[in-house]
Amino acid sequence: MPEPIILIEKAGVRLGGVPVIQDVSLSIDAGEFISILGPNGAGKTTLLKLLLGLIRPDTGRVRVLDRAPRRGLAEVGYVPQRRVLDIELALRARDLVGFGLDGHRWGIGLPDRGRNVMIEQALEEVDALQLADAPVGQLSGGEQQRLLLAQALLSGPRLLLLDEPLANLDPAHQHEAVALIERVRRVHGVTVLLVSHDINPLLPVTDRVVYLAGGHCAIGSPQQVITGPTLSMLYGAPVEVVHIKGRYFVIGVEV
Amino acid sequence: MIVPIPVADYRPNAMFTLLHYPFIQNAFMAGSLVAIVAGVLGYFLILRGLTFAGHALSSIGFAGAAGAVLLGIPPVYGLLAFTMGASLFISSSSGEARGRDIAIGVIMTFALGLGVLFLSLYHGFAEQAYSILFGSIVGISRGDLSLATVLAVGILVVLASLGRPLLFSTFDPDGAEARGLPVRLLGMVYLILVALAVSLAMQLVGVLLVFGLLVGPPATAIRLVGRPSHAIIVSVGLGLAYTWAGILLAAWSGWPVSFLITAISFGLYLPVRLRGSRRSRCRMGAARALPSVRTASSRCSQQVIDDHTD
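Here the protein sequences come in this chain order: A and B.
Residue numbering for the first sequence follows the working numbering, beginning at 1 and increasing consecutively.
Residue numbering for the second sequence follows the working numbering, beginning at 256 and increasing consecutively.
Just so you know, the hints here were simulated from the structure itself, not pulled from any lab data.
This one's a predicted model, so the numbers in the text were calculated from it and none came from an experiment.
Just so it is clear, CB atoms sit at the ideal spot from N, CA and C, and this is done for glycine as well.
Treat each hint with caution, since some may be false.
Counterexamples of contact, computed for chain A against chain B with all Cβ distances above 12 Å [said to hold, decoys possible]:
| no. | residue |
| --- | --- |
| 1 | Leu26 |
| 2 | Glu32 |
| 3 | Thr59 |
| 4 | Arg63 |
| 5 | Met118 |
| 6 | Asn168 |
| 7 | Pro171 |
| 8 | Glu182 |
| 9 | Arg183 |
| 10 | Gly214 |
| 11 | Val241 |
| 12 | Gly252 |
Selected chain B positions facing chain A (in silico; Cβ < 10 Å) [unchecked claim]:
| no. | residue |
| --- | --- |
| 13 | Ile301 |
| 14 | Phe423 |
| 15 | Asp429 |
| 16 | Val480 |
| 17 | Pro483 |
With the sequences and hints as input, model every part of the structure.
So this is what it looks like as structure tokens:
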């Protein structure tokens with residue numbers, strides 16, 4: 001049995017004295033597509049930051065790629081929740097993507113043909129090659145998200161952490177983004193952890209879901225986790241789940 | 256009766272004769288040095304949203320220099336102490352831009368207040384204050400110049416070695432942090448470089464021109480070209496052009512150099528800015544539809560294509 005790519009044992013995190021995550025345990029295998037769900041403030045972003053080594057657990061143990069998480073690992077690609085990219089930002093798409101390749105190396109970069117080829121390959125993988133020379137600040141949210149994904153791919157990650165990549169996208173673009181991420185996962189054989197508010201656009205691709213609420217979490221297939229009893233236990237309040245036409249609707253709480 | 260105006264005949268020649276005077280040569284060298292360093296540093300200053308901090312550093316430096324004169328020590332020590340202190344304060348109070356600017360505003364006004372106090376305590380200080388504020392670019396010695404050259408080269412070398420990480424963290428601090436870059440430390444080192452440059456340049460050209468050359472050329476450059484390396488080169492080029500033109504015009508007209516350089520800077524920024532805001536309005540639609548809808552025959556979509564193939 002292969003070693004899980006992510007192993008969290010009884011992890012707890014307090015931010016400013018307030019417990020955000022309590023007693024969370026999960027194990028994720030290489031190549032899985034995991035959707036992380038839960039209400040605002042349930043600790044979804046905190047969970048990603050824990051895996052990135054940006055915050056440390058106060059209790060319990062976290063292992064990523066069989067090591068303690070460490071900042072700046074090339075094997076871990078991260079696309080933060082939609083960053084504010086200024087409308088006046090004087091940067092071309094290919095410059096933004098190029099940061100993924102050598103933005104962390106000291107000194108100034110010299111023009112390099114091989115570098116351009118790699119950047120264009122990454123752009124092509126996210127269907128954004130035609131945007132290569134467009135000013136970043138004037139692209140739509142969805143287009144910027146694709147560039148950030150291309151940037152993350154250039155470090156050659158084995159694990160991709162995507163924070164709310166579907167937020168602010170209409171259903172058609174959500175569908176497109178999910179298909180793109182799934183393609184990247186298959187082509188690169190990466191493990192994907194994707195934070196989302198809504199499971200429905202992810203149902204065709206997700207292997208398992210991690211549902212965070214009230215500081216606790218449940219992990220399993222959507223059918224196992226998104227049920228009235230499981231969610232009622234997590235929220236500590238009565239929750240009903242309606243499953244119609246292959247879509248889930250959670251009733252009784254603000255999700 | 257028409258009186259011939261001999262002035263017009265010999266003045267342009269006089270302008271070039273002036274170039275033989277050492278004080279004008281020194282002014283050219285000093286101005287060029289400041290334009291180069293400010294052109295590079297200013298590019299990051301604008302993109303990091305630190306324009307106000309740059310202004311504050313120049314003003315705080317004035318108070319430091321005034322204090323040093325009052326104590327009877329060389330102004331450069333006061334300059335360095337005040338600008339370094341302020342840059343450490345500004346980089347430690349990072350976070351939300353608005354909160355940072357409020358803190359900078361309070362500090363800056365206090366520093367200017369201190370400057371006024373020093374001015375009132377020091378008898379016969381007015382002339383010194385004038386030269387710190389508006390510079391005495393034509394009163395620079397060879398000794399000042401060689402020291403300034405060493406400092407300027409040092410600043411540029413450090414800046415070049417920070418290179419890509421500084422650029423990455425300027426455009427995309429979250430991404431840079433996730434990639435393991437020391438984003439806060441980079442910001443602090445950068446501001447210390449600005450403090451050093453401001454202190455160096457204030458000695459040569461005064462508060463007004465330091466700030467003018469830090470902001471004017473890069474503000475125009477980032478509206479002309481998109482690629483960071485090109486924008487920095489254009490920024491330096493513009494700074495040099497403003498400075499040279501300003502000194503030559505000053506020598507010819509007798510008007511103050513600071514006025515001429517800032518006026519040229521403003522005169523170029525204004526049309527570029529106006530053109531840019533008109534273009535970005537129509538580009539908003541065009542860029543979204545890249546590339547298939549680019550064939551639209553409107554003037555602004557043609558401009559988009561031109562811009563993208565720089």
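Inset, instruction - With 12 Å as the threshold, tell me whether Arg63 of chain A passes as away from chain B on beta-carbon distances. - result: It holds; Arg63 of chain A is separated from chain B by about 18 Å at its closest Cβ, greater than 12 Å.
Inset, instruction - Report holds if the minimum CB distance from Gly252 of chain A to chain B is greater than 12 Å, and violated otherwise. - result: Holds, since 34 Å exceeds 12 Å.
Legend entry - Verdict on Gly214 of chain A as a residue remote from chain B, using beta-carbon distances over 12 Å: holds (27 Å)
Inset, instruction - Would you assess whether Glu32 of chain A, listed as outside the interface, keeps its beta-carbon beyond 12 Å of every beta-carbon in chain B? - result: About 21 Å separates Glu32 of chain A from the closest Cβ of chain B, which puts it past 12 Å; holds.
Inset, instruction - Could you check if Val480 of chain B really has its C-beta closer than 10 Å to a C-beta on chain A? - result: holds (8 Å)
Inset, instruction - Please verify that hint: Asp429 of chain B, Cβ, nearest Cβ of chain A, below 10 Å or not. - result: holds (4 Å)
Legend entry - Non-interface claim for Thr59 of chain A, where every Cβ of chain B lies beyond 12 Å: Its Cβ never comes within 12 Å of chain B, the nearest being 24 Å, so this holds.
Legend entry - Minimum beta-carbon distance criterion (10 Å), Ile301 of chain B to chain A: holds (9 Å)
Legend entry - Status of the stated non-contact between Glu182 of chain A and chain B (beta carbon gap over 12 Å): The assertion about Glu182 of chain A holds, with a minimum of 23 Å to chain B.
Inset, instruction - Would you check whether Phe423 of chain B satisfies its interface hint, that is, whether its CB is within less than 10 Å of any CB in chain A? - result: The hint holds - Phe423 of chain B has a Cβ within 10 Å of chain A, the shortest such distance being about 3 Å.
Inset, instruction - Beyond 12 Å from every chain B Cβ: check whether that's true for Pro171 of chain A. - result: holds (19 Å)
Legend entry - Interface hint outcome for Pro483 of chain B [beta carbon to chain A under 10 Å]: This interface hint holds because 6 Å falls under the 10 Å limit.
Hint check: no violations occur; every hint is consistent with the structure.
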